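Participant: Next come the chains, spelled out residue by residue.
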Amino acid sequence: MSIPPIFLTESTLRALAADLLGAGTQVIAPVAVEVRTSPSASASAACRHPGAAPVEIEYRVLGDAAGLDLGRRLPVLSLKQFFLPAHEALCRWRQRGTTVQVEAVPTEFAPQVVLAAKPCDSAALAVVDKVMNWDYADELWNGRRAATTIINLACPVIDESCFCTAVGASPDCTKGADALLTPVAGGYLLEATTEKGWAFLAAHAERLKSDAGKGGEEPLGHQAADERAAARARAAANLEIDAASVRAWIDSHFEDPLLAALAVRCNGCGACTSVCPTCHCFDIVDEEEGVGRGTRRRCWDTCQAPTFTLHASGHNPRDDQNSRYRQRINHKFAIYPLKFGEVLCTGCGRCTRVCHAGQDLVEILAAIDVVARRPSTTTPGAPDTEAAS
Amino acid sequence: MSIYLPQLATVTDLVDETPDTRTLRLELQDAAARARFAFKAGQFGEYSVFGAGESTFCIASPPTRQGFIECSFKAVGKVTTALREVNIGDTVGFRGPYGNWFPVDDWKGNDIVFVAGGIGLAPVRCVIWNVLDRRDEFGDVTIVYGARSVEDLVYKRELQEWSSRPDVRMVATVDPGGQTAEWTGEVGYVTPVVEKTAPAAANAVAVLCGPPIVVKLTLPVLAKLGFADEAIFTTLENRMKCGLGKCGRCNIGPVYVCKDGPVFTAAQLKQLPPEF
Amino acid sequence: MSELRDIARAILADGRARVVIGWEDARRGARPVFATDPDDADKLIFDARCVHNLVTYLNPRRDNVAELGKIALVVKGCDAKAVAGLLREAQLGRDDVVLIGVRCGGVLEASDLGQPLALTPENVAPRCHECDVREPNLVDYLVGDPQPDPPRPAMTIDERIAALESRPLEERWAFWTEQFSKCVRCYACRQVCPLCICERCVAEKTRPQWIEPSSHARGNMSWNITRALHLAGRCVGCGECERFCPVGIPLSLMNRKLQQIVAERYGYVVSDDPEKPAPIGDYRLDDRQEFIK
Amino acid sequence: MSSRRSDTIEQGAAGAPLCAGFEPRLTAFVCNWCTYTGADLAGTSRLHMASNVRIIRLPCTGRIDPLFVIKAFERGADGVIVSGCHPADCHYTSGNYHARRRFAVFHDLMEFVGVDPRRITFSWVSASEGAKWRDVVNEAVANVRALGPFDAYRALAPEDEAPEDGAPEPAGEAVPTGAARSAS
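Sequence order for the protein chains is A, Y, V and Z. Just so it is clear: in the first sequence, position 136 is 136 by this note's numbering, and no numbers are missing. Heads up: take any position in the second sequence, counting from 1, add 1000, and you land on this note's numbering. Heads up: take any position in the third sequence, counting from 1, add 2000, and you land on this note's numbering. Heads up: take any position in the fourth sequence, counting from 1, add 3000, and you land on this note's numbering.
In isolation and in its complexed conformation, chain A is listed as follows:
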């Protein structure tokens, strides 16, 4: 089954969003959020975008179709928050004397649609699907995945932190998504890539017909292809790595001083893991809400915190920041590929942008790539972290 791309104008796209909202479907989409409340954020925005209004883009549950931001900047937090929420109930309990009642939480969810998702974010969901279904199926994750139709917006906004093409994604990929919007003159081309996507197009056929004939298909298709190729080239210019060599090198150089040298300026703040679309590690905690009742929740956790691996005895297998930073790199670029066949990273660059200590994953991967491609497997002498900059 295949449906040719459909042309639609921006107003039709917004009308589509309004249709969904009108039907009571939850729509998640990028929205512009003011950052004026934070003194440093506004000054920071003024440094980077002199004269522009200090706004950040965030994925939000859309209130009305006008709020949909198609400016295509990368949202601060990734899409993962709607599939692995920062905190969610696993069960509730009520205890009276020796008896306990445990109440399960639902694992089925109402249908929802993500509009204008970043391709690096949808791809991340497909990557994380693997661990969430490693022998045991995480029904909370799977339930939300099943209930969600994701429509990507091809991304032409490549900055110096993007490297999606180096890690198996691309600015116009549909991995983890059901359809793709590609900007063209006067509007967008919409093409579905999964059954869920085709069903979505069919369900909204009436609305999508409205712009039929407005865009001649051939030239539009070419135009879209050109823009998509240009975006890919820009991402590729930032970083190209030999993922297999990188994996092999990390796996065989656990105690290499290069890894420690790359970690030294890391503050262990964990902001990178919060904003990362693929970081999925969580904690499980009991929160008492009164005597004999409470909620067991899982909440985001970070491998950068010492408590992440701290034993009750006081022993900590990762007891300094170097080992914790190494774990993050190792997990993403060696462990996950070994276990699940792909890197735990989609090159969105959020970790680099959010790191105010200057940890730069583009530079770090480039540095590892250099040593990984060397014929000799040992790193001679003191490593130079700036080797690749």
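For the record, the hints were derived by calculation from the structure and aren't laboratory data. In this text, all values refer to a predicted model and were calculated from it rather than measured experimentally. Some hints could be false.
Claimed, not checked - Derived EDC-like pairs: lysine to aspartate or glutamate, alpha-carbon spacing no greater than 16 Å straight-line: (1) V:K2182 <-> A:E34; (2) V:K2182 <-> A:E58; (3) Y:K1270 <-> A:E255; (4) V:K2205 <-> Z:D3065; (5) A:K339 <-> Y:D1260; (6) V:K2182 <-> A:E56; (7) V:K2205 <-> A:E288; (8) V:K2293 <-> Z:E3139; (9) A:K130 <-> A:E342; (10) Z:K3071 <-> A:E288; (11) Y:K1078 <-> A:E10; (12) Y:K1078 <-> V:E2204; (13) V:K2293 <-> Z:D3135; (14) A:K209 <-> A:E10.
With chain A's structure known, arrange chains Y, V and Z on it following the hints.
Facilitator: Same frame as chain A, now just chains Y, V and Z:
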């Protein structure tokens, strides 16, 4: 149904092994789940006190005894302290069994040497009883167990029972200074006592568990006695939350203790990065 | 710049320190650099992009940095106040660190710029307006030319606080609950704070669990109030917590408010004088107690 | 979340708007040496006072962490009282002086965050001041009664939390014990 939802279990018995170590016997409250429940020696579970949270321990009772499970733990953290407070009849949560197991069926006809230190006897005890409950299938059984002091020995009644069995060679030891006037066992650290006991390595496997230092020092001694790395089995622990390979913290390099372990051979240990 | 590099080179060459922590120019602008070889000294820079408070690397929790050996640190005025805080609280000995002070006329808010920009009311880090140390005193070396005061920011932090305080209680509560609701509890604010020195943070204490670990509004309120309170009279206003916050919570409003409170009640103004006792942990018999019945 | 209601409507502070049927719940953190003894005296002297306060006794005001106050609000308190020995009377010499600074800062910060300062009462009540304790309690209760239930704090509760006792059972079936999941 969520994989994180605990089953409810009733505490049907408890033994305070040492001033800070306790053994609980648990029975799943749901009769059908209880009947269905099966596990293998070496697997672990997530035990919870509602309000305190979950904690990970191996199942210390053998799979050959059904209808209940037992766990032994030292009260050191939030959950274990709360578990130390429960009484017979109380309800706790349980998820499991998780992880891999000791390949006991592969050891038929072999001699088996058990070496444990401190609370490390808990997972070994599961295998010991599993083997003793099927005694005919195995060769000689040797148990070397040590603790810091007489007071710190766990499963004291069972140590007695094993000592008195003619088909078990039981060597108990306490660290120098930890003995009492009545102590008739060995005095010395586990590792030299293993060396002195010198179990035959031919056609034998060793099961080793204890504090990291005991494991680290005993491995070369077992090697010296002629045990191949593939014939030495141990069980590791790391901080865990989910037990299901999702929460991402128990890995040692590419190996997840909860899914790829907790049981490893010494040969596998040597492949792991030094981060445990 | 050459003055800074010469001093750093000499310090590394004669072993007065094993590592000089300063700033360098990298692919994405200015960032911390760890110079361990005299030749590395040429990497050092100082300009308006050097916003980071490097004292966070002196924090006793940073064992991987301590392993590098004795540290020489490049400090601005605000950074020197943080060093004083560590000295005051006996987290550091004065001889444990070599301090290379730089005269500072304010910094930009963003470090990730290819070139330093001229400071304007729009781009200057707002905290610089509240800082009166153009020339740190707590130093072993002092480099750079005398600096003018930075431009007054378009809206000062004090003005923002005043604007917020002019609103009724309900609006303030709504403002803060909305801000805190963004918190994902990554604890970046704590990790980068040079003065969050606790080996085990109260947020990680589980017996009892005072602060709920989940990032719901209730746990976030508890965490954010507690974080701020624990820095009352200790915060130096370096703004790293707010800068690192991935979700943009205006923590500097809380921190600055606490500075105002201790200034107004106890006449305490944060400085780089380690001998001056901090206001919390100290008391006067006649402290104001108008709020007590 | 619903506030607690009683059958009787009590008189609020003079002129204050009454929230019909609302019985405030206050938590008092008091020092062992002065205020607790003073409160005990108020009781043994049979002084009439509002019965809305639950007392938690601590060794000293210096031991009272602002987190206690936050936790009280989290668990449903509409108001809090923090009370201890008068200046110069601290059993431990200076605990109350330290507490005075800490709570001055806390008081001002909570007001900045938008908590009505009348929800948190600070007082010095000595062992002999049973009558003062009565007045402090009555005034604190009247203030909180006038302010109404602290629904703003309760609104911070996550949507997915277990309902309070007495609240209607949540929709959805309770899981039969043990049938939670099948073993893997």
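Participant: If a hint holds in the structure, say so; if it does not, say that too.
Facilitator: Here's how the hints hold up against the structure:
With a CA separation close to 13 Å, the supplied pair K2182 of chain V and E34 of chain A stays within the 16 Å bound. Only pairs whose Cα atoms come within 16 Å are accepted, and K2182 of chain V paired with E58 of chain A is accepted, the gap being roughly 11 Å. Of the pairs offered as hints, the one joining K1270 of chain Y and E255 of chain A holds, with about 15 Å between alpha carbons and a cut-off of 16 Å not exceeded. Between K2205 of chain V and D3065 of chain Z, the direct Cα distance comes to roughly 14 Å. Compliance with the 16 Å bound is thereby established for this hinted pair.
Between K339 of chain A and D1260 of chain Y the alpha-carbon distance is near 11 Å, which keeps this suggested pair within the 16 Å criterion. Of the supplied pair hints, the one linking K2182 of chain V and E56 of chain A holds, its CA atoms being roughly 13 Å apart against a limit of 16 Å. Restraint check for K2205 of chain V and E288 of chain A: satisfied, since their Cα atoms lie roughly 15 Å apart, inside the 16 Å limit. Restraint check for K2293 of chain V and E3139 of chain Z: the C-alpha separation of about 10 Å stays at or below 16 Å, so the hint holds.
Between the alpha carbons of K130 of chain A and E342 of chain A the distance comes to roughly 9 Å, so the proposed pair stays at or under 16 Å and holds. Pair hint K3071 of chain Z plus E288 of chain A holds up; C-alpha atoms about 11 Å apart against a cutoff of 16 Å. Straight-line distance between C-alpha atoms of K1078 of chain Y and E10 of chain A comes to about 55 Å, which puts the hinted pair past the 16 Å bound. Under the criterion of a C-alpha separation no larger than 16 Å, the hint pairing K1078 of chain Y with E2204 of chain V is consistent with the structure, at around 12 Å.
Annotation: proposed proximity of K2293 of chain V to D3135 of chain Z holds, straight-line Cα distance about 10 Å (limit 16 Å). A hinted pair counts as satisfied when its Cα atoms are at most 16 Å apart, and K209 of chain A with E10 of chain A qualifies at roughly 14 Å.
Of the numbered hints stated above, the single one contradicted by the structure is hint 11.
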